[in-house]
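Peer 1: One-letter residues, chain by chain:
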Amino acid sequence: MRRAAAAVATAVLALLALPAAAQQRAIPLSELMSGSAFLGADLRSLQNDDFANPGMLWIERGAKLWSEPAGTKKQSCASCHEDAKTSMRGVAAGYPRIDAESGRLVNLEGRINLCRTRRMGAEPFKYESEELLAITAYVARQSRGVPLNVFIDGAAKSHFDAGEKAYRLRRGQMNLSCAHCHEANWGKRLLSETISQGHPNGYPAYRMEWQTMGSLERRLRACLSGVRAEMLPYGSPEYLDLELYLAWRAQGLLIETPGVRR
Amino acid sequence: MAARIQVPASTKRGEVVEIRLLIQHPMETGYRRDDVGHLIKRNVITLLSCRYDGVEVFRADLSSGIAANPYLQFYTVAGKSGELELYWIDDEGKQGSERQAIKVT
Chain A
78 MRRAAAAVAT
88 AVLALLALPA
98 AAQQRAIPLS
108 ELMSGSAFLG
118 ADLRSLQNDD
128 FANPGMLWIE
138 RGAKLWSEPA
148 GTKKQSCASC
158 HEDAKTSMRG
168 VAAGYPRIDA
178 ESGRLVNLEG
188 RINLCRTRRM
198 GAEPFKYESE
208 ELLAITAYVA
218 RQSRGVPLNV
228 FIDGAAKSHF
238 DAGEKAYRLR
248 RGQMNLSCAH
258 CHEANWGKRL
268 LSETISQGHP
278 NGYPAYRMEW
288 QTMGSLERRL
298 RACLSGVRAE
308 MLPYGSPEYL
318 DLELYLAWRA
328 QGLLIETPGV
338 RR
Chain B
967 MAARIQVPAS
977 TKRGEVVEIR
987 LLIQHPMETG
997 YRRDDVGHLI
1007 KRNVITLLSC
1017 RYDGVEVFRA
1027 DLSSGIAANP
1037 YLQFYTVAGK
1047 SGELELYWID
1057 DEGKQGSERQ
1067 AIKVT
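Order-wise, the sequence lines are chains A and B. Using the working numbering, the letters of the first sequence correspond one by one to residues 78 to 339. Using the working numbering, the letters of the second sequence correspond one by one to residues 967 to 1071.
Take the hints with a grain of salt, since some may be wrong.
Keeping only pairs whose Cα atoms sit at most 27 Å apart, straight-line, the calculated DSS-like set for lysine-lysine is [unchecked claim]:
(1) A/Lys162 to A/Lys150
(2) A/Lys162 to A/Lys151
(3) A/Lys141 to B/Lys1060
(4) A/Lys162 to A/Lys141
(5) B/Lys1007 to A/Lys203
(6) A/Lys150 to A/Lys234
Between beta-carbon pairs, the in silico distance windows are [to be verified]:
(7) A/Ser164 to B/Glu984: 31 to 39 Å
(8) B/Arg998 to A/Tyr204: 55 to 63 Å
(9) B/Lys978 to A/Pro105: 18 to 26 Å
(10) A/Pro224 to B/Val1070: 23 to 31 Å
(11) B/Lys1069 to A/Ser144: 24 to 32 Å
(12) B/Lys978 to A/Ser144: 34 to 42 Å
(13) B/Arg998 to A/Ala232: 41 to 49 Å
(14) B/Lys1046 to A/Phe128: 36 to 44 Å
(15) A/Ala177 to B/Arg986: 25 to 33 Å
(16) A/Tyr204 to B/Glu984: 57 to 65 Å
(17) B/Arg1065 to A/Ala177: 19 to 27 Å
To be clear, the hints were calculated from the coordinates, so they are not data collected in a lab. We put the beta carbon where it would ideally sit given N, CA and C, even for glycine.
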């Protein structure tokens, strides 16, 4: 009896541990293209230049923040996680994910702020602040070259479904969903630009239009503004669900943070 | 003002040395308006100078129209071992500098 229960438990665990890659794909692997593939050669080479990539300024700031003690407990990220190069390798590829303690979906920004409030006794960084962008980019940078691979089963399932719904929801005065551009028409021209597949693997990224670093949510807001839809506030659950769907949709793409985008 | 500088630590006499510099700066053009329509005051790096062993080898007068976080790449010829000093100043009078020694053999 006990053995049978153990076998069931193992089977359940195996199901839970089933990576997203085993699921059906949104875009066939052979057609999957990172946002950098839609850039001109100049921006692509800027992204790949570890010195000239302007996002590296934020990475350097993030490296300093990593070992800067903060909060009532006078702890830094490094106090627990030590060297980010080893401890954070591959971590960003699994976000957004369910936070075991609260059962809520969090992205990398949210996870960092949970660490600050729970473990360091520090104030969370404001969304889209220079500090949060820097530390998020620094953590994500440690996973450069690691393929995105998020869990969409179990507690994440409802978020994933909501994310897909949000992806396909027509919005704004243009009455367009994400899918209308990034699924049905990628590779075609929109004025002077080529429509990308809309993947999140370069974020936080340095965007030429912004002339600065920005989060994935800022990018989503830019798309919402583009179709003349209402922009939700930063950190909204709807963004998180959508981020999870986007990460699944891009599964297998390598993390490029800090990406350089148009 | 955060900045990154890349200069070879050592080189041979007479060799061409590549100097790369990336400065974190908004390079506010002075033509943009904020959310309520007020003109945002111009704030760009106006002068950038590079001295090598005390002698100016490169100078740039920057202005509106140069992107934020400017990246500069220029060259000089290695004479003797010495310090490379980069200095810049913006419209608000904020100054930045970076220095690095070059060893010439």
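Peer 1: Hint by hint, say whether it matches the structure.
Peer 2: Hints and how they fare:
1. Restraint check: the Cα-Cα separation between A/Lys162 and A/Lys150 comes to about 24 Å, which is no more than 27 Å; the hinted pair holds.
2. Distance restraint check for A/Lys162 and A/Lys151: the Cα-Cα separation of roughly 22 Å lies within the 27 Å cut-off, and the hinted pair is therefore satisfied.
3. Taken as a hint, the A/Lys141 and B/Lys1060 pair is honoured in the structure, with Cα atoms around 22 Å apart against an allowance of 27 Å.
4. For the proposed pair A/Lys162 and A/Lys141, the alpha carbon gap of about 13 Å is at most 27 Å, so the pair holds.
5. Between the alpha carbons of B/Lys1007 and A/Lys203 the distance comes to roughly 26 Å, so the proposed pair stays at or under 27 Å and holds.
6. Distance hint between A/Lys150 and A/Lys234 is unfulfilled; the C-alpha atoms sit about 36 Å from each other, more than 27 Å.
7. In this structure the supplied range 31 to 39 Å holds for A/Ser164 paired with B/Glu984, their Cβ-Cβ distance being about 35 Å.
8. Taken as a hint, the range 55 to 63 Å is violated for the pair B/Arg998 and A/Tyr204, whose Cβ atoms sit roughly 23 Å apart.
9. Under the hint 18 to 26 Å, the C-beta atoms of B/Lys978 and A/Pro105, about 53 Å apart, miss the expected range.
10. Separation of A/Pro224 from B/Val1070 is about 45 Å and departs from the stated range, judged on CB atoms against 23 to 31 Å.
11. Between B/Lys1069 and A/Ser144 the beta carbons are some 30 Å apart, a value that agrees with the proposed interval 24 to 32 Å.
12. About 38 Å separates the C-beta atoms of B/Lys978 and A/Ser144, a value consistent with the hinted range of 34 to 42 Å.
13. Roughly 45 Å separates the CB atoms of B/Arg998 and A/Ala232, a value that falls within the hinted 41 to 49 Å.
14. A beta carbon spacing of about 26 Å between B/Lys1046 and A/Phe128 contradicts the range 36 to 44 Å that was offered as a hint.
15. Separated by about 45 Å at the C-beta atoms, A/Ala177 and B/Arg986 break the suggested range of 25 to 33 Å.
16. About 39 Å separates the C-beta atoms of A/Tyr204 and B/Glu984, a value inconsistent with the hinted range of 57 to 65 Å.
17. Between B/Arg1065 and A/Ala177, the C-beta spacing of about 49 Å breaks the proposed range 19 to 27 Å.
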